[in-house]
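Enquirer: Chain residues, written in single-letter form:
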Amino acid sequence: MEYFVQQLINGVTLGSIYGLIAIGYTMVYGIIGMINFAHGDVFMVGSFTALLLFLLIGLTAASPLIVIVLAIVGVLIVAMALTAVWGWTIERLAYRPLRGSFRLAPLITAIGMSIVLSNMVQIAQGARVKNLPPDIKDRLSGGFQVMESNGFAAVVSYRQLIIVGVTIALMALFTWIITSTPLGRAQRACEQDRTMAALTGVDVDRTISLTFVIGAALAAVAGVMFLVYYGAIDFYIGFVAGIKAFTAAVLGGIGSLPGAMLGGLLIGLIEVFWAGYVGSEYKDVAAFSLLAIVLIFRPEGLLGRPEIEKV
Amino acid sequence: MTTADPGPVLEVEALGMRFGGLVAVDDLTFSAQRGEITALIGPNGAGKTTVFNCITGFYRPTSGQIQARHADGATYPLHAMPGHRICEEANVARTFQNIRLFAGMSLLENLLVAQHNKLMRASGYTIGGLLGLPSYARAERVAVDLAKHWLQRVGLLHRADDAAGDLPYGDQRRLEIARAMCTGPVLLCLDEPAAGLNPRESRELNRLLVSMRGENGLSIVLIEHDMGVVMEISDRIVVLDYGRKIAEGTPSEIRTNPAVIAAYLGVEDEEVEQVEQEIRR
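Heads up: the protein sequence lines correspond to chains A and B, in order. All residue numbers for the first sequence refer to this note's numbering, where the first residue is 860 and numbers rise by one. All residue numbers for the second sequence refer to this note's numbering, where the first residue is 495 and numbers rise by one.
To be clear, the hints were calculated from the coordinates, so they are not data collected in a lab. No residue lacks a Cβ here, since even glycine has one placed at the ideal position from N, Cα and C.
Chain A side only, calculated, beta carbon under 10 Å to chain B, not exhaustive: (1) ALA1045; (2) THR1059; (3) VAL1063.
Simulated restraints, written as ranges between beta carbons of each label pair: (4) B/ALA565 / A/SER1039: 31 to 39 Å; (5) A/SER1039 / B/PHE513: 38 to 46 Å; (6) A/GLN981 / B/ARG554: 43 to 51 Å; (7) A/LEU1161 / B/ASP655: 25 to 33 Å; (8) B/ARG749 / A/LEU966: 51 to 59 Å; (9) A/ARG1157 / B/ASP656: 21 to 29 Å; (10) A/TYR1141 / B/PRO662: 47 to 55 Å.
So here's chain A without its partners, still in its complex pose:
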């Protein structure tokens, strides 16, 4: 039982990170109907930005806990801002000029952009795994014991608490933005009919830019969380996490925000449980198999709306 609870906790944590990235995929798909394959690498850039910021701050083992917490909050905000600038720039330089050209053009550009970003980081930071300074990592270890028997304890670490807490807060904020602010209404209007949105006075280009900015900021949050959770990153994490998050978005129903959150959670849980009970070799196979099965029976994803074609 304790083992099960422990895996559940781990799964929810991992799922939160996937969910945050998946929102970026699903929002961009919703508004301009393209898969932004560079999004995983934006997440990676966010993670590296956070690592550099942590090194800049230079915490030591003696820093009081409050300083560490403040440092994390500060890093989170700055990393979000900087990564958002990346998201904006990518859209402006690589995608906007291609808007209105044939369907595959932005997709191919996105793959190109993904390679550019990961190679850029590889050249600038090296191909080796980079670690969060041990001082910071040590200060963040520890947690609450949830239950214990036969010498095995299920523990929620502080890091996991931070990750799940921040994710829930951000998703609530984000849902509110989409449902009840002018920006959210404009995004939904653009999603349904971009031309008509422009004719009612919505600046479509700016709305799309803001969508990329929000997606990148959320990916940066996921990047910071990933860094704090695992303590080690390299230039390749964007690819793996990106593919997982994309799977999550499709599983939940691409274009649907609750779907992205649910999909992320499911992928995280499956991975962790498969690794915990069956073996970690085939955890990715399990996740992708589930995607295949769901798509066979519900092609629109779990929470997606089916596309109805009128004849």
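Chain A is already provided as a structure; the job is to place chain B on it using the hints.
Expert: Chain B only, in chain A's frame:
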């Protein structure tokens, strides 16, 4: 409107629109007077919707100029402005022949999207809205009130929270007009507002349009095939055929204009005189 007459609200000058070899609109000049309903009529394929698309920034005209003029005398070159600025700055709004509502959003939300820029500014581009600033709450209240006012005018207040796509056809048409009105237009362009309406709905629409005319200086340009609607409510009529203007005048002038009758009956230009004589006889 204390100053002298600022002139027509819309001036189209030598407008030309070509698609490859096809000349959809050719050297078209007309104007729409402030506070009036101007109808654009003509047989199918005469280029009416193309003219609308040029006015609202959907197409870039191949030649010519389109100018909107506000009551304060400010002019806006519509032929050279992007779509969202035509709505926001020049205050020209339009509806479509095939209805284009945001079907998945509620009626109220449809009308709030139309007030996007006002709300965006008031919310400090979302950040102020996040902080719950009172100025934003006030702006939102004003926007919701305006939306409700128009829902009431078009008789859809009781369905404010339903999805726009669930409305029956006639209601969707009126909602589209309400949405256009929520952008605060000086000039409203309606593309076949009566298409697909039954006689009762059509009469309601007439009443609505007549009540809107001149209200806050509103001018209306409409494309319509239903001659009953056109003759009843328009102040002036412009007739197009093959992308050219063949007649312009009041409903009674148009009704007896031989060129118009010829165009509608599909008579060749050379035979117009003959038709004219037949009518006179």
